[in-house]
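Participant: If you want the building blocks of each chain, they are given just below.
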Amino acid sequence: METLQFAYDNLSLIGSRALEHIAIVSVAVSIAVLTGVPIGLAITQSKRAADFVLYLASMLITIPSIALFGLMIPLLSPIGYGIGYVPAVIAVILYSQLPIIRNTYTAIADVDPALREAGIGMGMSPLQRLRQVEIPLAMPVIMAGIRTAVVMNIGVTAIAAYIGAGGLGTFISRGISQTDPRQLITGAVAVSILAIAVDLFLAFVQKLLTPKGLATGVAA
Amino acid sequence: MIRLENLTKTFGAAGSGITAVDRVSFEVPEGEICVLLGPSGCGKTTTMKMINRLIEPTSGKVFIDGKDVTHIDPIQLRRSIGYVIQQIGLFPNKTVADNICVVPDLLGWDRKKSRTRAAELLEMVGLQPDTFMKRYPKELSGGQQQRVGVLRALAADAPVMLMDEPFGAIDPINREVIQDEFLRMQKTLRKTVIFVSHDLDEAVKMADKIAIFRAGRLEQFASPEHLLSNPATPFIETFLGTDRSLKLLRLVQVADAMLTPADTVRPEDPVAKARDLMEKSGHPAIIMSNGDGRPGGIILASRITGQGSCREAAEPVRATVPVKVDLRSAVALMFTHDMPVIPCVDEDGKLQGVLTYRSIVRSLANSKIAA
Ligand SMILES: Nc1ncnc2c1ncn2[C@@H]1O[C@H](COP(=O)(O)OP(=O)(O)OP(=O)(O)O)[C@@H](O)[C@H]1O
Ligand SMILES: [Mg+2]
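Residue numbers (my numbering), protein chains in the order written: chain A, 6 to 225; chain B, 1275 to 1645.
No lab work stands behind these hints: they were computed from the structure. Accuracy of the hints is not assured; some may be wrong.
Reference excerpt, derived from the structure (chain A facing chain B, CB under 10 Å, subset only) [what the hints assert, rightly or not]:
| no. | residue |
| --- | --- |
| 1 | Ala114 |
| 2 | Asp115 |
| 3 | Asp117 |
| 4 | Arg121 |
| 5 | Ile125 |
| 6 | Gly126 |
| 7 | Met129 |
| 8 | Gln133 |
| 9 | Leu135 |
| 10 | Pro141 |
| 11 | Leu142 |
| 12 | Val146 |
| 13 | Lys217 |
| 14 | Gly218 |
Distance ranges between label pairs, derived from CB positions [said to hold, decoys possible]:
| no. | chain 1 | residue 1 | chain 2 | residue 2 | range |
| --- | --- | --- | --- | --- | --- |
| 15 | B | Gln1402 | A | Met64 | 54 to 62 Å |
| 16 | B | Leu1381 | A | Ala119 | 18 to 26 Å |
| 17 | A | Arg136 | B | Asp1431 | 21 to 29 Å |
In silico SDA-like links for lysine to any residue, alpha-carbon gap of 25 Å or less [said to hold, decoys possible]:
| no. | chain 1 | residue 1 | chain 2 | residue 2 |
| --- | --- | --- | --- | --- |
| 18 | A | Lys217 | B | Pro1366 |
| 19 | B | Lys1521 | B | Arg1409 |
| 20 | A | Lys212 | B | Arg1409 |
| 21 | B | Lys1461 | B | Asp1600 |
From a predicted model like this one, the values you see are computed outputs, not experimental measurements. Glycine residues also receive a C-beta, built at the ideal position from the N, C-alpha and C atoms.
Just chain A, with the same shape it has in the complex (with noise of 0.2 Å):
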């Protein structure tokens, strides 16, 4: 009760710390996007190179995200952004890499044979088939890569209140330093709605994105 209270007292505080929470993932994500999506399709044209920078991938979402901060304040003070948003985005890019292009090599990976096959047969050239063929089959899976990323890293993010990047976690911080149930629930189911909500409008775009053809119980 005293929780709701509190809540409903700090709406608009709630809003702000959602949008900077939302800032982060969403531009990091954008830029993890730009990145993983094409290491990802590059990644297809060797098995070794995919598997390398895979592995290399799965490494770094190994490394805890306290730990991957703590790393970043040495490395980034020289250029003045130790703290802050700095970081937090560069962590949420580096976590995002793995169900990017994992995701995106697999997809494009899996793409039939057959399909290839015909392309190539019929004289398309690989930056044709790619946008023809292999991008459109592969965009779900992709997408599904994007979203795990996003939830994911709305979790990451709140952790990066301890660098002081503002966001959501900012709560839970302050929750768990001045021993207060009513923030750090807050904090905390704060977090959860914006992952869900998140999540749900993604699906969404998803299925925008899905090629008719292949979305399930097309109308005949």
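Guided by the hints, dock chain B with the ligands onto chain A, whose structure is given.
Facilitator: Relative to chain A, chain B with the ligands alone:
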């Protein structure tokens, strides 16, 4: 025109690898259908893919209209060759119209022109453009998908077509229908076609020339008639099966096997005349013709008793066979109606000749000598 010269493909290291295609040479003249036939794994697909350079030969050459294909940019080459892959391979994210127009779009054709062409092609195979243009491949039956796969290869009007078991994934009845459709289109389109099949009946039906493969080697290259009547090796003889002479029946038209002019009698003639004529010709029956030239009855030698007119001795004609059909259908009619002699008629139902078991056997023997 397509010419293969000593075409060879070895997969894996030279020496230790497997030779999928071994020094194959043949030539397909313009406008003809050549069927590559043989058991699974004998190198049919590999041979075909060397023509549009999906596979580069280990040695040997391919010429299209006299031009060495290795001197043509592979992407340009492939756009100039219609290609139907073994697994159909329609793009599920594209509509039927967009699938058919893949190559025209790659070639930068005017969109309106290419969609009009797609509609015409759909019409040719009996698919309503209004219904089908906007559908996606998964909304089509297997047979419809296969038709669209063939149309896609025809869309840019390439003079050469490569078809890898294009009607493989389809039930026998529909396969016959599609084959007939394709042959009908081929009559006007006159493409130079290389067609892979492992179905002998299909090959005999479609081919101008059949190339029989065995373990990468070309065993025989001949017209279906020649192949069926003069198999070159024991392997081919086994491959063709013991019923190959029955397959030959398909290739001969009634018009070429019937006896002409057919002896006929009039209804008012005495049966003695019918008996005389049959004794002379050795036929087991004779046709009684009406005044209008149509067969009005049939008189069997075994049934003639005593005197009277032909009208009294004649039995009704239970079946006639059009001169345009093949001998297989004629024999089927003769068996079904138990007719040792069957009248052959033109489109107006006028008697043109008669077919007897003996005349059929003789025409098969002739085709053996001619081949
Ligand atoms: N990429 C490849 N690498 C190695 N061997 C291959 C390759 N492609 C085909 N082969 C081999 O070459 C031989 C001929 O294959 P091909 O696909 O031409 O046969 P096919 O006559 O088309 O058979 P099917 O009727 O089953 O389609 C087979 O033994 C096959 O295993
Ligand atoms: Mg094959």
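Participant: Run every hint past the structure and note whether it holds.
Facilitator: Now for the hints, and whether the structure bears them out:
A cut of 10 Å between beta carbons decides the hint on Ala114 (chain A): the least distance to chain B is about 17 Å, and the hint is violated. Taking 10 Å as the C-beta contact cut-off toward chain B, the hint placing Asp115 (chain A) at the interface is violated, the least distance being around 13 Å. A distance limit of 10 Å between C-beta atoms decides the matter here; for Asp117 (chain A) the minimum to chain B is near 8 Å, and the interface restraint holds. Given hint, Arg121 (chain A) at the interface with chain B, holds; its Cβ is 9 Å from that chain's nearest Cβ, closer than 10 Å.
Residue-level restraint check for Ile125 (chain A) holds (minimum Cβ-Cβ distance to chain B is 6 Å; threshold 10 Å). Because the beta carbon of Gly126 (chain A) sits about 4 Å from the nearest beta carbon in chain B, less than 10 Å, this interface hint is met. The beta carbon of Met129 (chain A) is positioned within 10 Å of a beta carbon in chain B (closest approach about 6 Å), and the interface hint is therefore held. Because the closest C-beta pair between Gln133 (chain A) and chain B is about 7 Å apart, less than 10 Å, the hint holds.
Interface restraint check: Leu135 (chain A) against chain B, minimum CB-CB distance 13 Å, threshold 10 Å, status violated. A distance limit of 10 Å between C-beta atoms decides the matter here; for Pro141 (chain A) the minimum to chain B is near 4 Å, and the interface restraint holds. Interface restraint check: Leu142 (chain A) against chain B, minimum CB-CB distance 6 Å, threshold 10 Å, status holds. With a cut of 10 Å, the hint placing Val146 (chain A) at the interface with chain B is violated, because the nearest CB-to-CB distance is about 13 Å.
A cut of 10 Å between beta carbons decides the hint on Lys217 (chain A): the least distance to chain B is about 6 Å, and the hint holds. About 3 Å separates the beta-carbon of Gly218 (chain A) from the nearest beta-carbon of chain B, less than 10 Å, and the hint is met. In this structure the hint that Gln1402 (chain B) and Met64 (chain A) lie 54 to 62 Å apart at CB holds, the actual value being about 57 Å. Look at Leu1381 (chain B) against Ala119 (chain A): about 23 Å separates their beta carbons, and that is inside 18 to 26 Å.
For Arg136 (chain A) and Asp1431 (chain B), the Cβ-Cβ distance of about 25 Å falls inside the hinted range of 21 to 29 Å, so the restraint holds. The straight-line distance between the Cα atoms of Lys217 (chain A) and Pro1366 (chain B) is roughly 9 Å, inside the 25 Å bound, and the hint therefore holds. A hinted pair counts as satisfied when its Cα atoms are at most 25 Å apart, and Lys1521 (chain B) with Arg1409 (chain B) does not qualify at roughly 39 Å. The hinted pair formed by Lys212 (chain A) and Arg1409 (chain B) meets the criterion: a straight-line CA distance of about 19 Å does not exceed 25 Å.
Between Lys1461 (chain B) and Asp1600 (chain B), the direct Cα distance comes to roughly 18 Å. Compliance with the 25 Å bound is thereby established for this hinted pair.
Consistency note: the structure conflicts with the earlier hints numbered 1, 2, 9, 12, 19.
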